[in-house]
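Novice: Spelled out from the first residue to the last, the chains are:
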Amino acid sequence: MAKTLKAVLDDAGIPMDFQAGGLAPEGLMDREIKREPHPRVQKLKDIFMDTLSSASNEFPYWYTREYMLHDNDVPVVRRAKALKSAFSHATPVIIPGELLVMRKAPYFRGSFPMPWLSEGFYMAKEDEFYQEALKRGSASVDEHSKFGQGGGNVPHSFGKVVSIAGKFGMRQEEIPALLKLARLWYGKSVDDLGNRYEKMVPGYGTKEKIMRNIVCMFDSGFTLPQGREVINYYYPLEYGFDGIIKIAREMKDKVAGRADGDGMVGMNRLYNYEAVIYAVEGIQNWVLNYAKEAKRLESIETDAKQKKEYRQMAKRLEWIAHNPPRTFIEAFQMIETVHIGVLNEDAISGMSPGRIGQVLYPYFEQDIQAGRTTEDEVLELLELDRVVKTSIDCFASIGVVGGVLSGNTFNTVSIGGVDREGKSAANRLEYLILEAGATNAMPQSTLSLLYNEKLPEDFLMLAMEVIKTGSGYPAFMSDGVAQEFLKNQYGHEGMNVEDARAWAIGGCLETSACTWKPLHLNGKEYWIPGGAGQPTSVGVHFISMPKILELTLYNGVDQKTGEMVFAPHNKALDTYEELWEQYKAYWQEAVAILALTNNVQHDIWRKNNMAVFNSMLKPDCLDKGHLINELGYRYNATFNVESAGTITLVNSLAALKKLVYDDKFVSLDGMKEALTENFGFKTAQEINSFSLADQEKKEEGADKWDKLHFKTLQAPKYGNDDSYADNILLEWENFFCPDCRNYESLHGHPMYACQISVSTHGAMGSATIASPDGRLAGTTFADASMSAYPGTDRNGPFALMNSAAIWDHSMSQNSQLNIKIHPSAIKGTEGAKKLLDMIRAYMRKGGFHVQFNIVDSKVLKDAQAHPENYRDLMVRVAGFTQYWVEIGKSVQDELIARTEYEGV
Amino acid sequence: MEKLAYKDTRNFAPIDVTKGMDLISKQVVMADAQAPEGTEIMPKCKFCKNFKETDSFMGICQASMNEPKFIAYPDMVAITCGMYEAM
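Protein sequences, first through last, are from chains E and R.
Be aware that the first sequence starts at 1, since it is given in my numbering, and climbs by one per residue.
Be aware that the second sequence starts at 1001, since it is given in my numbering, and climbs by one per residue.
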């Protein structure tokens, strides 16, 4: 039997199952806290647990049919008419027991393709579309992305079900229509049209090579063009849909035929308001169709209680289809409707509800005071909302949904933070939101706690209890660091202290610009926060930092494919400084070309596929008459440059500096040879596994690299409060964050740094050869941007936090630190206090984000061996929580291998 | 009367591509299983006078305003379609 990486690491004194601060108890240890949802919720949750991700053609069918009918109309109106038709024809499906309704598609966990965005990825692999997508590099990452084989994923076709993109099931009867609809968009989709024009950018050839070799994970303009933002529910809550249409009609009268000093887009306001009316009418029809279905169900129902619930549901839906909500449950149904409506308008991940504890508080407060509802009923609704949100799927390619999102769609709820005046914003409803996160622990909505010193102690301690359920949430984000970033990035657009206080997390970890609006309910005014910024995590998507290092070391040539990605630098790299300078030069070359080509893609998107419904929700579109494409949003400087593999790069540079340049233990050529030879291990392709634990040594001549491999593994590593490695991180951050401002978005604003990896560390690691830190070819990078590489943080969590806080986190939209702790380490009230103290210490040092997996690694190993026993086991990956059985094996292995802290 | 699969009946609420809930019995049933006799038919293109089959699982909607007439597929639910005419 060939020696495994695990054995090699054991020999090197860096065991993969390293335990810091003590030893875990023997035997499997479950989470300390377990709670149950209300019986109604449990029934629906049970249905979800046995539900497959299912795709339908209904929405794209009606959208396409209407769109093709209006080829002579103004683009924004044409799109709005298509949206109206699609919403108006969506089949309502209501499952008994539900109180909050409206679905993406006529399935419990439904979704649908949007061929007007991109159509090549779901065609058969032999199809010309798919081959074209491979050539462009937009499908290359699919080859390196793996879904979990369990849960609701449909990785293989069976019976009358066809698997699409390894994730979604579609009835075979619908496949011919799927293909026919896709062909109608060939050459017209944002993907195809964007590609036609991005080819005109000088240096486009380099961009294709960057994508083909997975130096960058995926394109931006046609994959998930919206999301990673905070939605805004204010206008429907304050005015109702009839009120919005009234505003739009009045504004049409005011702007028709007038430029009002804006000769470029002033006249467009007329068409934009017309489009808003069509889109809102579509939403109204959609809601009324659900109301009609609820009435029909009432007529056939024999159970008196269920019959009454259908009747009340129908009344609620009929009311909110036209009017502002009056009660908590009406308001909740309204925001649920708006949320799903926005998600159906575009391919979106990370449309975050934001601070719904603030948004819904007026209705909660008044209903409780009037005795119209109880806290228990509110808790039940919050639990139901978690079933609805967890059921949200996004139909995209395997590279995007699997390689990046791990199937999650990041409908994040933020709690805590401060109010408009800077006082603690925590309210009673937010306590219940936290509680619902424990009583109905499901991946969505994941919770982000906006940490501020003013938050009450019992609120924070409740958060500790929820963390102990093993849900992976709430994550803690620094309110102060975020506000500082927002004022710096959006100051030139008018961001002030007040608006900065309204912020929330969009997507999994994206600091998002928001604002306050005055909501009126029964004569009382409440200032509620909501999104006011464009999508984030758009622009230059994940660039693989270790891959850029590979290209630097090998004179521009990708060692996996042999393709020359960048022009040769022809430098000897005799000094560390020369290596570092060349690294930065290649990095900048990649960012520059990706910024330009993605600008073109987004420009095509905004010309033909602009948001109408989502746009009109966001201040100040309805007031100005300009939608997202004409910068109607209050904050538009949202484009970014995303990095991936930060700590793998830092550790690799530390190893090169130490072993090649400082100690001269090995020559650069010697190191390169070892990397090419994968330190004497078989390739991941040979053993058909990209997981850390599975890597095996070659049978013969494998010892040649042992000594060097041992030294690379023992070289200074980030996460130990060791300045040798940490200063490299500091140098990187002080280059990367300011450098992002050198690139301009299509909106004419400077970009900024975004440092989350989501799941890209798995797919990108799969495409990258061994790295100088001792990591083997094809295996994952370190998770997130501030997490240590598995097993290398050996001095305790405070040392890890010191390493992470060495740089100024407010220079970046985010940073990300994941820590795994054994349940026994934080047991009881004392354990909870210790955990809170640790979080506080990190926030006070200037850290932006930290989150925890409270889990026994032995449980994870058992779950990998017996997935059938762990359908509901959840883990924290990057910035989100996901079911264990729905994530790919390489990421599972990385999670198992992470250092497990036995004491804090 | 022709026997119907659950997925072609009005009181079948689809859960996913394989199964759904029989809204009368509240039981989860397989989409392709045979529904009880007398179950109300679900309006679908394949049961509509305006649907003309052109190929396997494909056809056109003769009521569409598009020229040429727009595609349709037999299994599409038509309860929200104003042009649906039962055969």
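These are computed hints drawn from the structure, not numbers from a lab.
Every residue, glycine too, gets a C-beta built ideally from N, C-alpha and C.
It is possible that some hints are incorrect.
What the simulated footprint calls covered on chain E by chain R, stretch by stretch (three residues with Cβ under 8 Å from a Cβ of chain R suffice, anywhere in the stretch; the number is not a length) [stated by the list, open to error]: (1) 63 to 75; (2) 101 to 109; (3) 157 to 169; (4) 415 to 422.
Novice: Next step is simple, just say for each hint if it's right about the structure.
Specialist: Structure-based check of each hint:
{"no.": "1", "hint": "63 to 75", "result": "holds (count 3)"}
{"no.": "2", "hint": "101 to 109", "result": "holds (count 4)"}
{"no.": "3", "hint": "157 to 169", "result": "holds (count 4)"}
{"no.": "4", "hint": "415 to 422", "result": "violated (count 0)"}
Comparing the model with each earlier hint shows a violation of hint 4 alone; every other hint is respected.
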